[in-house]
Amino acid sequence: MSPVIEERHETRDSDLGDEELRARLSKTWGTTGGLIGVLSTVDHKVIGIRYAVTAFIFLLAGGVLAIIMRLQLARPDSHLVGAELYNQLFTMHGTTMMFLFGVPVGEAFAIYLVPLMVGTRNIAFPRLNAFSYYVYLFGGLMLWGGFALSIRPDVGWFSYVPLANLDFTPGKGPDYWAQMITFTEVAALAVSVEIIVTVLKQRAPGMTLDRIPLFVWTMLVHSFIIIFAMPAVMLASSMLIMDRLVSTQFFNADAGGDPLLWQHLFWFFGHPEVYIIFLPGTAFVSAIVATFSRRPVFGYLPMVLSLIAIGFLSFGLWVHHMFVTGLPEVGAAFFTASSMAIAIPNGVQIFCWIATLWDGKPVLKAPLIFVLGFFFIFVAGGLSGVMLASVPIDTQTHDTYFVVAHFHYVLIGGTVFPLVAAVYYWFPKVTGRLMDEQIGKWQFALAFIGFNTAFFPMHLLGLYGMPRRVYTYPAEMGWGGLNLLASAGALFFFASFLLMLYNMVISARSGPPSGDNPWDADTLEWATSSPPQPQNFDRIPFVTSGSPLWSQGDDTPVVSGLKVDERELVVTSITEARPDIREESPAPSIWPFLAAFATAVAFIGSIYTPWAITWGSPVVAILLVAWFWPKTTEENA
Amino acid sequence: MARSVIDVSGLPTYAFGSRVTPWWGTFSFCLLEGTGFALGIGGYLYLAVTNTHWAKDAVPLNLVWSAAFTLVLVASAIPNFLIKRAALQENLRSVRLLLLAMSSVGLVLIVLRIMEFSALPVRWSDNAYGSFIWLLLGLHGVHVLTDVADTLVLTVLMFTRHGTGKRFSDAEDNAFYWYFVVLSWLPLYAVLYWLPRL
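The listed protein sequences derive, respectively, from chains A and B. In this text, residue positions in the first sequence follow the numbering used here: the first is -15, and each later residue adds one. In this text, residue positions in the second sequence follow the numbering used here: the first is 220, and each later residue adds one.
Simulated from the structure, these hints should not be mistaken for lab results. It is possible that part of the hints are untrue.
Sample of chain B residues at the chain A side, in silico, Cβ under 10 Å [unchecked claim]:
1. S228
2. L250
3. G253
4. F256
5. W273
6. D276
7. P279
8. F351
9. R380
10. K385
Even for Gly, the Cβ is constructed at its ideal location relative to N, Cα and C.
Please put together the full structure from these sequences, using the hints given.
Right under this line is the structure:
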C-alpha cells in the first residue's frame, strides 16, 4: 500500500518564478556556517571537494616520498637515506598512493559529479557520505601521524607475512597500516553503496538505461568492483592485526595457518584494486573525448559491455601476482589466459575512443591533450602487462624494476593523466573559472617528458637485473646512468604537479569566468550554474536523449511538483527511470562526524588494547542511534 | 525555456521493498557482507586443504548449543515474515507486538551464541582452525548483535509518536536484513559444525 499524503499548503516548484524558486531552494538545501555547520554538511559537492583536496594533499605527500627515493637512487652507493628509512619510504609511498590517493580521488569525482550527471539534488545516503569522508580523513591522519611519531610500517604496501608477523616486525607500524586499511575500506565501501543507489534509483525521469552517461556507467561498475573486492582486504588486514595483537594463528604455518592465504586474500582484492583505480580514469576519458570530439562516444553498447566484462574479469587475475609462489601448472596457465583476456575489453574501449576522435572534430584543449598522453602511456603499460602475464617472462622479471616500470605506466598513465585532464575539464564547473590553457600545455610537456624519462629506463634496469626495494646498488653493476636519468625525469614530473597547483590557485582567484557550459558539453552537470547551487538544479530535468544538452536546444523539458521548503527528490524506477516516489533527503547533521570520530578512537585504541573495541562499540552505537533517530514528525511522512 | 512535461506532486513520499532507496542500501550491504562471509569460508577451506596440521587440529564442535541457535534462528523467519506483512499493511498494533517478539528472540539468540562460544573446544590462539572458528562465529555474531540492536531501537521508535508513515518502511527493511542474517548462517553452520565430522 502506498499512501498519497494530502499536503495542500506546501509550496511546490511550479508555484514560483525562476528567481524566487532558486533563492528558496538554495535556503532549503544550503549548508549553514560556523564550525558545527561545516562539520554537519551533507552536500555531496562540498564532501566531494573535501575528498578531492584531501586526496591531492596525499598525492603530494606520496610524491615527496618518491622524490626522496629517487634522490637516494640517483647514484650508486648513496647514503642519503639508510636502508631502514628507505623501507619505510617505499611502504608509505605505495600505501599512500594506493589507499589514500588512488581510490579516494576516484570516489571524490564520483561523489561530486554522479548526482549532477544523473540530474538529482543530492547523493543517496548523504550522511553516510559525510561519515565516510571523516573516516577516510582520520585513517590518513592516523597513518601519517604515526609516521611523524616514528611509528612507520616498513614491510611494503602489501604487508606480506611472515615478514609482517610480530616475530619479524615487532613495532606498531604494520598495525597502523592494517587499521588504516580498515578506515579507508569502510569509507570506500560506503561511497560505493551510495553511488550504486544514486545511479539505480535517483536518475532524473526519462534517463533510461541507454541514456546513462558513460561516466556514470563506469562509476557504477567501479562501485560494484569495490563491493566485491574490498571485503577481502578488510578481512585479511583484520586477520593480520589479530595475529599480531591477540595471537590468532591465521598465517602461522606451524599452527595450521598459511602465509600464502594472506597473498590470496590480498591479491583477490589487489588485482581488482588496479581496476578500481583505473576505471575512474576511463570515466574521465569517455566524458572528455565526447566533448572535445563534438560527438557522442562511438559504440555506446560495446563500451558498456566492455566495462562490465572488465568488472568480471578483474576478479579472475589475482594469481598472476603469485606466479613465483609455486603454483600448479594448470592454475598458472589459467591465470595467464585470463590476464591476457582482459586486454580485449580494454582494447575495445581504446578503439572506441580513437574512432570517436577519428570521426569527430577534435579540439586540442588541455583536457584532450592529457587524454592523448593517456593513450600513449597506458597502451605502453598494457603491452608490458601482456608480457608479464606470461609465466616465463614474469618469473624472470619478478621483483625487478621492469615490474615497477609496468605498473607506473598503467597506474599513472591510466589514472593520473586522465585525472589531470579531469581537473582542467571540471575545474570551471566547481569554481566558475577556467584554468590557464597555456600553463596547461607547459604542464603537459613537463609531465609527459618527465614521466617517460623517469619510468622508461626502469624497463631496461629491470631487464638488466636491478631488483625492487633495494636502497642502493654498487657502482660496478652499471645501473648508475639510467638511474640518474630516471631521477631527473622524476623531478620534472613532480614539478609538473607544482605547476598545476600554481595554475589552480591563480585560476581560482583570477581565471576568466567560465559560464555554465564552457566546453559546450552534453551531460547534465553542465546544465546548471558554475559552481552549482546547493540544490544542483532549480527544476529537475526530464531527459529525452543520451546527450541532453546537444539535443534539446532552447526547449528544456523539466519535472514539476516537488516541495520547495523540504529536501525532496525524485526516486525513479531502475530501468525506465519512471518517477515513482518523492523521497525526503536527509538534512545536515553533526552525528556522522561524531560517530566517525568515535569510530576512529576505537580503531586506533584497538591497536593498543582489544578492549577499545569493547568499550568503543556501545559509544558508536549510541551515536548511530542519535544519527538515525527522527528529529521532527515531518521526517516520518 | 523550461517546460514542465511531468508533474510528480501526486506521488507518494514513501513506499516499500525495492522501490525505495534504503532497500537498495541494505541489499548492497548484504552483498558486501556476504562477500566477506564467502571469503572467510574460502580461507577456512583453503587451509583445510593445504595445511597438513589441519586434520589433526579440526576437532568437531559441540552440537547442542549450535543446534538450539540454528533452530531458533530459522524459526525466527516466521515472526519476521509476519512483521513484514504487518508493516506493508501499516498495522501499528501488530508491528509493535511482533517487534517485541523479535527483540526477545534476538536476545535469546545472543545468549545462545554466548553459550556456543563457551562450549568451543579450541581457543582462537590454539591453532588456525581455532582462529577461523572464532572469527566466523564472531563475524556472524556481530551481525546478530547489530540487527538485534537495530530491532530494539526500532521497537522503541514504534512506541513513540514517530511510529507512523515511513517508519513502516523501515520496519520492512529491518525484516529484510534479518533474512540475510538467517540465510548467511546456514552455510557457516554446515561448514563449522558438520564438515569436520565428514
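Status of each hint after checking the structure:
{"no.": "1", "hint": "S228", "verdict": "holds (3 Å)"}
{"no.": "2", "hint": "L250", "verdict": "holds (5 Å)"}
{"no.": "3", "hint": "G253", "verdict": "holds (9 Å)"}
{"no.": "4", "hint": "F256", "verdict": "holds (9 Å)"}
{"no.": "5", "hint": "W273", "verdict": "holds (5 Å)"}
{"no.": "6", "hint": "D276", "verdict": "holds (5 Å)"}
{"no.": "7", "hint": "P279", "verdict": "violated (16 Å)"}
{"no.": "8", "hint": "F351", "verdict": "holds (7 Å)"}
{"no.": "9", "hint": "R380", "verdict": "holds (7 Å)"}
{"no.": "10", "hint": "K385", "verdict": "holds (5 Å)"}
Hint 7 from the list above is the single one not met by this structure.
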